[in-house]
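Given chain Y's structure and the hints, the job is docking chain C onto it.
Chain by chain, the residues run as shown.
Protein chains: 2
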Amino acid sequence: MLRAIQILGSSPSSSGCFSLPHKLKKPHSNFSLISRKPIEATVPNLSRAHSLAFQFRQGCFFRAFQMSYHHSESTLDGGSPSSSSSTSIAIQSAGSTRKINFCQWCGGPTKHEIPDGEEKARAICTHCGKITYENPKMVVGCLIEHENKILLCKRKIQPSYGLWTLPAGYMEIGESAAEGAIRETWEEANAEVEVQSPFAQLDIPLIGQTYIIFLAKLKRPHFSPGPESLECRLFALEDIPFDSLAFSSMLVTLKLYFEDKKVGRPKFHYGIINKRPGTSPSEIHAYTLDHHLKC
Amino acid sequence: MLRAIQILGSSPSSSGCFSLPHKLKKPHSNFSLISRKPIEATVPNLSRAHSLAFQFRQGCFFRAFQMSYHHSESTLDGGSPSSSSSTSIAIQSAGSTRKINFCQWCGGPTKHEIPDGEEKARAICTHCGKITYENPKMVVGCLIEHENKILLCKRKIQPSYGLWTLPAGYMEIGESAAEGAIRETWEEANAEVEVQSPFAQLDIPLIGQTYIIFLAKLKRPHFSPGPESLECRLFALEDIPFDSLAFSSMLVTLKLYFEDKKVGRPKFHYGIINKRPGTSPSEIHAYTLDHHLKC
Numbered sequence: 001m002l003r004a005i006q007i008l009g010s011s012p013s014s015s016g017c018f019s020l021p022h023k024l025k026k027p028h029s030n031f032s033l034i035s036r037k038p039i040e041a042t043v044p045n046l047s048r049a050h051s052l053a054f055q056f057r058q059g060c061f062f063r064a065f066q067m068s069y070h071h072s073e074s075t076l077d078g079g080s081p082s083s084s085s086s087t088s089i090a091i092q093s094a095g096s097t098r099k100i101n102f103c104q105w106c107g108g109p110t111k112h113e114i115p116d117g118e119e120k121a122r123a124i125c126t127h128c129g130k131i132t133y134e135n136p137k138m139v140v141g142c143l144i145e146h147e148n149k150i151l152l153c154k155r156k157i158q159p160s161y162g163l164w165t166l167p168a169g170y171m172e173i174g175e176s177a178a179e180g181a182i183r184e185t186w187e188e189a190n191a192e193v194e195v196q197s198p199f200a201q202l203d204i205p206l207i208g209q210t211y212i213i214f215l216a217k218l219k220r221p222h223f224s225p226g227p228e229s230l231e232c233r234l235f236a237l238e239d240i241p242f243d244s245l246a247f248s249s250m251l252v253t254l255k256l257y258f259e260d261k262k263v264g265r266p267k268f269h270y271g272i273i274n275k276r277p278g279t280s281p282s283e284i285h286a287y288t289l290d291h292h293l294k295c
Numbered sequence: 001m002l003r004a005i006q007i008l009g010s011s012p013s014s015s016g017c018f019s020l021p022h023k024l025k026k027p028h029s030n031f032s033l034i035s036r037k038p039i040e041a042t043v044p045n046l047s048r049a050h051s052l053a054f055q056f057r058q059g060c061f062f063r064a065f066q067m068s069y070h071h072s073e074s075t076l077d078g079g080s081p082s083s084s085s086s087t088s089i090a091i092q093s094a095g096s097t098r099k100i101n102f103c104q105w106c107g108g109p110t111k112h113e114i115p116d117g118e119e120k121a122r123a124i125c126t127h128c129g130k131i132t133y134e135n136p137k138m139v140v141g142c143l144i145e146h147e148n149k150i151l152l153c154k155r156k157i158q159p160s161y162g163l164w165t166l167p168a169g170y171m172e173i174g175e176s177a178a179e180g181a182i183r184e185t186w187e188e189a190n191a192e193v194e195v196q197s198p199f200a201q202l203d204i205p206l207i208g209q210t211y212i213i214f215l216a217k218l219k220r221p222h223f224s225p226g227p228e229s230l231e232c233r234l235f236a237l238e239d240i241p242f243d244s245l246a247f248s249s250m251l252v253t254l255k256l257y258f259e260d261k262k263v264g265r266p267k268f269h270y271g272i273i274n275k276r277p278g279t280s281p282s283e284i285h286a287y288t289l290d291h292h293l294k295c
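Just so you know, the sequences run in chain order Y and C.
The first sequence begins at 1 in UniProt numbering and counts up one residue at a time.
The second sequence begins at 1 in UniProt numbering and counts up one residue at a time.
Just chain Y, with the same shape it has in the complex:
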């Protein structure tokens, strides 16, 4: 189940070999630029801009890939209480707009200070002293190839109701990324798959999410909509509904796959998706793919 959503974005950064200047050593230092009201963000009518650049270094391709695109506005809605809750956690963690107030183990109130030996403020329990750490979450999914087509699911839940996605969702404690991707495919498309190879890792730092996508095959040619899908369908490459996809991460994944297939077999991709500042979650084309490594 994909409760993940993608909101707003930080400024695009440079591409190529990837290193940080000293001033960026503290990853949260630039968060004052983030809107405090991401959900209600309005839609600037951005003009389309699209540039590509390739470099080859150290046996891997490095690529700068920038795109923005005007798109219709929609209101973010987590749907059920559970999905809403989970969604809120991601937003608040990334933007630090709301803090953890209580210790989840003893219930004591927390203080927000930098612990000894660390560099970042944490939620420290004033009763038991335990620290609640917040870390990025992994969203795992499958890009399923079958007879030169790709399996997509039309979402039956918010956000992005009625839009197309790869089967994907949050990785659970106790499973591997591949197991999670297989489980999500079963839940969303009633399809049994074999994972064939890793295809992409796409970080979205602003919302504290990392997408891990595997190439997979159907074990048998059966699939049908799960409870969170309106429809599941195989699409030929030229028919992929790029204008009706649910998330930027899915758009990036499918574009990378499409481009790989044009020149040969799929590679493994690493990249960072930075959404354009001031855009809404539904503007899935308003992003830059930075520090793209292909090998």
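Just to be clear, a hint being listed does not mean it is correct.
The list makes no distinction among identical chains, and a pair is therefore deemed to hold if it is satisfied within one copy or across any two copies.
[As the list claims (entries may be wrong)] Listed below are the simulated DSSO-like cross-link pairs for lysine-lysine, each with C-alpha atoms no more than 27 Å apart in a straight line:
1) Lys-154 - Lys-120
2) Lys-261 - Lys-111
3) Lys-120 - Lys-219
4) Lys-156 - Lys-120
5) Lys-294 - Lys-255
6) Lys-262 - Lys-294
Hint data in this document are derived by calculation from the structure and do not stem from the laboratory.
The following block gives chain C in isolation, referenced to the frame of chain Y:
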């Protein structure tokens, strides 16, 4: 800072193309096999067993890689309160031995039930209804190549004080995996690096951790021990201290790199590290690497 530790393990599973039977669709159903006292686990004197098998499918290598090894016992110690706390979270989440008792937002007591539309029990606040989700954490690090040598750090903190590791630690909210790996390298080795390419994703389901390791280069040939390191040193491949490494994840990473370098340039690896049941965290050789995908 690497507060991560690796404990115990589930049963080794089969290798090859990776799919789940229906009975494994719920990833937590087999956790009753896990010891309730992982920290105090004793050390069976396992005999060394080492087998390799290769298959080639769909353009990727699939490999079964099994090894166990007797090793000295040590007691797990999280060191500072903060690291101990973080460590405990990981252990308890994976084994479900202790539950989240309070809502971190409103402080209300939680109930542990399966929410509507989900399949797994969650901590649901009895006051505000919010759900606290627990998800695996990412540990990010760099495998730094310099003049055909590899940079390792000798740990100045527990666990695994005095043992060697790649610079690595928990990925933070607000940064990408590559940024996190660069930050950790700066913190632990005072070294500025450029990330060159992704090298490995290694899941450790039992403790809810995923290691993301990048190949990197020194921007300048300067490094020195950070506050958590006793020493930083460049090792030629043949001098890597395989018997004095801090974690199974580092052993696997360095073995994969070593083997790649023998036959050409490094590839990208995905795999699942399953520790042998009944072994202690310090038994870094007591694991199986399952579902290894190399591409």
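At most 27 Å between C-alpha atoms: does Lys-154 with Lys-120 qualify within a copy, between copies, both, or neither?
between (40 Å within a copy, 24 Å between copies)
Is the C-alpha distance from Lys-156 to Lys-120 at most 27 Å within one copy, between copies, in both cases, or in neither?
This pair counts as between: shortest inter-copy Cα distance 21 Å, intra-copy 39 Å.
At most 27 Å between alpha carbons: which applies to Lys-294 and Lys-255, within, between, both or neither?
Both, since 13 Å and 23 Å are each at most 27 Å.
Lys-120 and Lys-219: within-copy, between-copy, both or neither at 27 Å Cα:
Intra 47 Å, inter 26 Å, cutoff 27 Å: inter-copy only.
I want to check one pair: Lys-262 and Lys-294. Are their C-alpha atoms no more than 27 Å apart within a copy, between two copies, both, or neither?
both (15 Å within a copy, 22 Å between copies)
Alpha-carbon proximity context of Lys-261 and Lys-111, limit 27 Å:
neither (52 Å within a copy, 49 Å between copies)
In the structure shown, a violation is registered for the earlier hint numbered 2 alone.
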